[in-house]
Amino acid sequence: MLPAMAGAPDDSELMLRYQRGDTTAFQTLYERHKGPLYRYCLRQVGDAQTASDLFQETWTKIIGARRRYQPTAKFTTYMYKVAHNCTVDHLRKLGRNPTANPGRRVDAGLAPEPVDTESATSAVQLQQRFARALAELPEEQRSAFLLREEGGLSLAEIARTTGVPEETAKSRLRYAVKKLRAVLGDAEPGQ
Amino acid sequence: MNDQRDEREFDAYLSGESPVSRQYAELGAAEPPPELDARILAAAEAEVNVVPLRRPWQRWATAVGVAATVMLAFTLVMQIAIEPFWQGDVSAPPASVVLMEKAELQQPATLEKKESPAATSPQGRFDTPAAPPGRVAADAAREQLLDDLAPAEAQPGLADMDVQVPVASSLKAPEPEALAGAAMKVGESVLITEARLADAVAVIRAARTTEADRVERQQGAARARARTADEGGMASDALPDGDPQAQLDEILRLYDAGDHIGAATRLSEFRTTHPEHPVSLRLADTLE
Chain A
1 MLPAMAGAPD DSELMLRYQR GDTTAFQTLY ERHKGPLYRY CLRQVGDAQT ASDLFQETWT
61 KIIGARRRYQ PTAKFTTYMY KVAHNCTVDH LRKLGRNPTA NPGRRVDAGL APEPVDTESA
121 TSAVQLQQRF ARALAELPEE QRSAFLLREE GGLSLAEIAR TTGVPEETAK SRLRYAVKKL
181 RAVLGDAEPG Q
Chain B
1 MNDQRDEREF DAYLSGESPV SRQYAELGAA EPPPELDARI LAAAEAEVNV VPLRRPWQRW
61 ATAVGVAATV MLAFTLVMQI AIEPFWQGDV SAPPASVVLM EKAELQQPAT LEKKESPAAT
121 SPQGRFDTPA APPGRVAADA AREQLLDDLA PAEAQPGLAD MDVQVPVASS LKAPEPEALA
181 GAAMKVGESV LITEARLADA VAVIRAARTT EADRVERQQG AARARARTAD EGGMASDALP
241 DGDPQAQLDE ILRLYDAGDH IGAATRLSEF RTTHPEHPVS LRLADTLE
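Here the protein sequences line up with chains A and B, keeping their order.
Residue numbers for the first sequence follow our numbering, beginning at 1 and rising by one.
Residue numbers for the second sequence follow our numbering, beginning at 1 and rising by one.
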């Protein structure tokens, strides 16, 4: 998540300004959140085209709800809830159980096919293993992890976004972190 | 042991000190394509510039709502202002109106004298203090009408009174349409009241017939008792001079023959003339 600059307007304030017709406020809001939200979509579905569709659908819904928007919660919670619902709907349309391990494609720069050659560096191998492990997480655990990493949401906000109790969200995130940590082993990133 | 280590690692992750977060950050910062940015920003701008279209029914909703409210209010006001006077309780005010009109027809001089204060009142004759004399006249007319037991259909002019509408002249200047409607309601009210009067007459006739039948039956029973006494050679006025036991036997015979009233009368006379003579328990329990 991009940290808000000191003195920069709050997300909800920007959305309210956009509600009053200020399109520059929306532009600021969009620039602030487009990267994390796109990566959330991309790493949820593993396909750049589908991720673009979900990304656009999410913003279209936010734009369409401009007149009804009320700052009752953090804007990021609202935005990721819309994105989460779009993703779940998409997976249901595909006939994939969102809670099951999808065995999905891993592309779009997320995780290239592992190159098992002696010339590959250990850092690249580690990144590939990590990307694969992330892609193979159950959707609910991957969603909790991505909401934490990209959206910077707290456990309570993850629970609210995904519509589960906070303990459930915590459990999902704990399992995701444990599996990803197991991939790393004793290696430290960046070494 | 492993659980404790997992817990520590999870706490470290939540505090942002986990290698997992650092490794994730090395996956790269993918961004949406620029054309996608342009599409979304254009959509956001278009949404602001779009004037929300109102559907046809929405355009007319306010006007239709106001018109409906006005119509409803007008109808309620008219209902409250006119209905109780002309139609409200069919059994009370309209009947009085009709009967007063009858009284006017029968006693025009009296009613002219009694109605003169009320007729000039803007409140109408039934809402002013002058109304009670009118009602008195109406009640008198009703009693007279019921007493003479004349058939309702023989009363002249009751059904035609809707067109005369002398009552309307004392109302608060209603609208012409309301006046026409009110005249029709008066006609209906007159017909209804006439039918009710006919029913009342029929009920009174039936009651009188029943009473006459009862008197006739009593007289017949008395005549039968006289015949029975004559046939037995014992007149009722000879009882005090006869044998007391024979009189008691006669009373029993009358009772057994079904003439309970005659038997009771005889027993009462017997008690007067023979207070010392014992009477059987059967007679005493049954007739006293």
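Since the hints were made in silico from the structure, they are not lab data.
Where is the CB? At the ideal position from N, CA and C, for every residue including glycine.
Check before you lean on any hint, since a few could be wrong.
EDC-like mimics (lysine to aspartate or glutamate), calculated; alpha carbons at most 20 Å apart, straight line [unchecked claim]:
| no. | chain 1 | residue 1 | chain 2 | residue 2 |
| --- | --- | --- | --- | --- |
| 1 | A | 179 | B | 9 |
| 2 | A | 179 | A | 167 |
| 3 | A | 34 | B | 9 |
| 4 | A | 61 | A | 22 |
What follows is a list of derived Cβ distance ranges for each label pair [as the list claims (entries may be wrong)]:
| no. | chain 1 | residue 1 | chain 2 | residue 2 | range |
| --- | --- | --- | --- | --- | --- |
| 5 | A | 69 | B | 71 | 22 to 30 Å |
| 6 | B | 5 | A | 165 | 58 to 66 Å |
| 7 | B | 8 | A | 122 | 39 to 47 Å |
| 8 | B | 5 | A | 21 | 48 to 56 Å |
| 9 | A | 163 | B | 25 | 21 to 29 Å |
| 10 | B | 34 | A | 24 | 12 to 20 Å |
| 11 | B | 38 | A | 22 | 18 to 26 Å |
| 12 | B | 81 | A | 22 | 26 to 34 Å |
| 13 | A | 167 | B | 64 | 16 to 24 Å |
| 14 | B | 75 | A | 163 | 45 to 53 Å |
| 15 | A | 69 | B | 5 | 19 to 27 Å |
| 16 | B | 29 | A | 136 | 31 to 39 Å |
Going through the hints against the structure:
Note on residue 179(A) and residue 9(B): the hinted pairing holds, with a Cα-Cα distance of about 12 Å set against a maximum of 20 Å. Simply put, residue 179(A) and residue 167(A) have alpha-carbon atoms about 18 Å apart, close enough for the 20 Å limit, and the pair holds. A threshold of 20 Å between alpha carbons decides the hint, and for residue 34(A) with residue 9(B) the separation of about 30 Å lies outside it, so the pair is violated. A threshold of 20 Å between alpha carbons decides the hint, and for residue 61(A) with residue 22(A) the separation of about 18 Å falls inside it, so the pair holds.
A hinted range of 22 to 30 Å for the beta carbons of residue 69(A) and residue 71(B) is inconsistent with their spacing of about 40 Å. In this structure the supplied range 58 to 66 Å is violated for residue 5(B) paired with residue 165(A), their Cβ-Cβ distance being about 26 Å. At roughly 26 Å, the beta-carbon separation of residue 8(B) and residue 122(A) lies outside the given 39 to 47 Å, and the hint is violated. The hinted range of 48 to 56 Å is satisfied by residue 5(B) and residue 21(A), whose Cβ atoms lie roughly 54 Å apart.
Distance hint check: the CB atoms of residue 163(A) and residue 25(B) are about 28 Å apart, consistent with the given range 21 to 29 Å. For residue 34(B) paired with residue 24(A), a C-beta distance near 19 Å keeps the hint of 12 to 20 Å intact. For the pair residue 38(B) and residue 22(A), the beta carbons lie near 19 Å from each other, so the given range of 18 to 26 Å is met. Distance hint check: the CB atoms of residue 81(B) and residue 22(A) are about 57 Å apart, inconsistent with the given range 26 to 34 Å.
Between residue 167(A) and residue 64(B) the beta carbon distance is about 54 Å. The supplied range of 16 to 24 Å is therefore violated. Restraint check, residue 75(B) to residue 163(A): a C-beta distance of roughly 52 Å satisfies the suggested window 45 to 53 Å. Distance hint check for residue 69(A) and residue 5(B): the Cβ-Cβ separation is about 44 Å, which falls outside the suggested range of 19 to 27 Å. Between residue 29(B) and residue 136(A), the C-beta spacing of about 22 Å breaks the proposed range 31 to 39 Å.
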